[in-house]
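Trainee: Those sequence lines, one after another, are chains C and D. Sequence positions in the first sequence follow the working numbering and run 1 to 308. Sequence positions in the second sequence follow the working numbering and run 1 to 308.
Don't take each hint at face value.
No distinction is drawn between identical chains; accordingly, a pair holds when it is met within one copy or between any pair of copies.
Here are the simulated DSS-like pairs of lysine-lysine, each with C-alpha atoms no more than 30 Å apart in a straight line [to be verified]: (1) K215 to K46; (2) K28 to K119; (3) K215 to K28; (4) K215 to K119.
Honestly, the hints are just simulated from the structure, not real lab data.
Residue strings, one per chain:
Protein chains: 2
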Amino acid sequence: MREATASAPATSANLGPGFDSFGICFEKPMDRVWVRRTRGSGVAIKVSGRGARGIPRDPERNTAGRAALAVMRLAGAETGLEIRVWKGVRPGSGLGSSAASAAAAAVATARLLGLRVGKEELIGAAAEGEAAAAGDPHADNVAPAILGGFTIVRSLRPVEVIRLRPPSRMRLVAALPDVVVNTAYARKILPREIPLHMMVENVGHASTMVAALLKGDLELFGSAMRDEVVEPVRAKLIPGFEDVRGAALSAGAVAATVSGSGPAVLAVADAARCSPARVGRAMERAFEGHRLRCEVVVSGVGRGALAS
Amino acid sequence: MREATASAPATSANLGPGFDSFGICFEKPMDRVWVRRTRGSGVAIKVSGRGARGIPRDPERNTAGRAALAVMRLAGAETGLEIRVWKGVRPGSGLGSSAASAAAAAVATARLLGLRVGKEELIGAAAEGEAAAAGDPHADNVAPAILGGFTIVRSLRPVEVIRLRPPSRMRLVAALPDVVVNTAYARKILPREIPLHMMVENVGHASTMVAALLKGDLELFGSAMRDEVVEPVRAKLIPGFEDVRGAALSAGAVAATVSGSGPAVLAVADAARCSPARVGRAMERAFEGHRLRCEVVVSGVGRGALAS
Numbered sequence: 001m002r003e004a005t006a007s008a009p010a011t012s013a014n015l016g017p018g019f020d021s022f023g024i025c026f027e028k029p030m031d032r033v034w035v036r037r038t039r040g041s042g043v044a045i046k047v048s049g050r051g052a053r054g055i056p057r058d059p060e061r062n063t064a065g066r067a068a069l070a071v072m073r074l075a076g077a078e079t080g081l082e083i084r085v086w087k088g089v090r091p092g093s094g095l096g097s098s099a100a101s102a103a104a105a106a107v108a109t110a111r112l113l114g115l116r117v118g119k120e121e122l123i124g125a126a127a128e129g130e131a132a133a134a135g136d137p138h139a140d141n142v143a144p145a146i147l148g149g150f151t152i153v154r155s156l157r158p159v160e161v162i163r164l165r166p167p168s169r170m171r172l173v174a175a176l177p178d179v180v181v182n183t184a185y186a187r188k189i190l191p192r193e194i195p196l197h198m199m200v201e202n203v204g205h206a207s208t209m210v211a212a213l214l215k216g217d218l219e220l221f222g223s224a225m226r227d228e229v230v231e232p233v234r235a236k237l238i239p240g241f242e243d244v245r246g247a248a249l250s251a252g253a254v255a256a257t258v259s260g261s262g263p264a265v266l267a268v269a270d271a272a273r274c275s276p277a278r279v280g281r282a283m284e285r286a287f288e289g290h291r292l293r294c295e296v297v298v299s300g301v302g303r304g305a306l307a308s
Numbered sequence: 001m002r003e004a005t006a007s008a009p010a011t012s013a014n015l016g017p018g019f020d021s022f023g024i025c026f027e028k029p030m031d032r033v034w035v036r037r038t039r040g041s042g043v044a045i046k047v048s049g050r051g052a053r054g055i056p057r058d059p060e061r062n063t064a065g066r067a068a069l070a071v072m073r074l075a076g077a078e079t080g081l082e083i084r085v086w087k088g089v090r091p092g093s094g095l096g097s098s099a100a101s102a103a104a105a106a107v108a109t110a111r112l113l114g115l116r117v118g119k120e121e122l123i124g125a126a127a128e129g130e131a132a133a134a135g136d137p138h139a140d141n142v143a144p145a146i147l148g149g150f151t152i153v154r155s156l157r158p159v160e161v162i163r164l165r166p167p168s169r170m171r172l173v174a175a176l177p178d179v180v181v182n183t184a185y186a187r188k189i190l191p192r193e194i195p196l197h198m199m200v201e202n203v204g205h206a207s208t209m210v211a212a213l214l215k216g217d218l219e220l221f222g223s224a225m226r227d228e229v230v231e232p233v234r235a236k237l238i239p240g241f242e243d244v245r246g247a248a249l250s251a252g253a254v255a256a257t258v259s260g261s262g263p264a265v266l267a268v269a270d271a272a273r274c275s276p277a278r279v280g281r282a283m284e285r286a287f288e289g290h291r292l293r294c295e296v297v298v299s300g301v302g303r304g305a306l307a308s
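Let's have the full structure, built from the sequences with the hints guiding it.
Mentor: Structure representation (structure tokens):
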């Protein structure tokens, strides 16, 4: 095959107590990555679409480039590569923008090279791509971007991921305010040590979320989406966070939290019990009350990356 | 009603990453508690059965007495009480001996007083009883002792518990060596603070266990029963722990860990894939290799306390 294309959607990591472990996949927006074999051994990258200007083109510093290189190593392939990335997911939004590029690049490159490996290997390669953006490889966004649904990353080396299928009436509502949160900084301000009782609480909440998902109980899922470890620290970087969360809950969302490292706020809604669009408008108005314009995404739970 | 009786079985708390949160109910052994109204307002306690001699009779220091008093407060009842506890669960074994007495006492007293409350209130009362043994109320043993199955204690105040039904082929194999572990000491030696990454690992493992349970995948359940926070500290109090765990796994168990604060070692086995009795014998022999006699319990997952 001379060329291949894949798309991968936005994702939201953490979901409260599942820091660095839980992730969920949107249906949209998506990044698209097109790859083509070229002569020689160089990797050339072009980026267009949302926020393209700020994205590095150096293959080692570009998440799509680095993911493609990881797949090439997996395949033992030596070829030049041309990569074109079209960004649909806004960079720096907290919606897994770099993961969407890395996941799409991994899937497209595997297709191009005819590489037949399990999805966990592809997640591993995409997680390497994430290291270009975050410094360390991590899989809490690329796992749901590739597998779809709700994912639990149990282990990164080797990659071990559990995928769960949320009830079809679950809706994700993300409000992206016009502020910039630096991912590296959002990680740096986290506590290095935490009191043991906080681990106990998060294990209890996270386990409850998983049980609720498998029982199809979105109310219970939302009530357990609580975190006192990471969320309070990151919420401070988002002006009006508490008001936005309050607005989402008042409009019928079952829970709201910081999406990844922010600034997006993720609300979870049960489409059978409230209007997800109304939740989105309420969050938008709450941000406006803090003089922040914001963009709202309302989505079902997505099925992950697609090669085409 | 003038008198009432209830029984409650042994339980195992923690199950690896679920410290202070996860618990599971045995079918046997059991404690039995008989309560009777008496004149006046005093509470008189008699204890017989296994390890009865070491158990305090003062109602405030006896778990059954304190649980009964908590139920009386819930009911707004003022009566004298005679309580007889028959111990089937060996005290200080790590199999929820005090919880079995507290749970049976709470259920029997509620029945005696005609108190109609939810099981979560009864768990709260029994958890008060646990404070007599442990200093603080906790519910990780009384929750499964009352509800049966596998339980997640999300919150103690108010009591919020999720109950899951493990696959019927799950077997619990406990090996109780002849050593004494002081529960208060086993708690005191725990770290007060832990690195953030350990929380991430335990959240991932614990969530995976819950997902595995609901998917009926005992292999996955066992592979996620890992903990680097509490288990390594408590395992040191059990001579030969690593050998006993190794023996259980070699005999076909899916996992083994410290039961509660020990000294019992809990193995989980899939009766469709191995002989749980053989797992028990292997654990017994491993303890013998460390010159420790031990008692083995092989049980299905129990249904919790029963009033009769």
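Trainee: Any of the earlier hints contradicted here, and which numbers?
Mentor: 1
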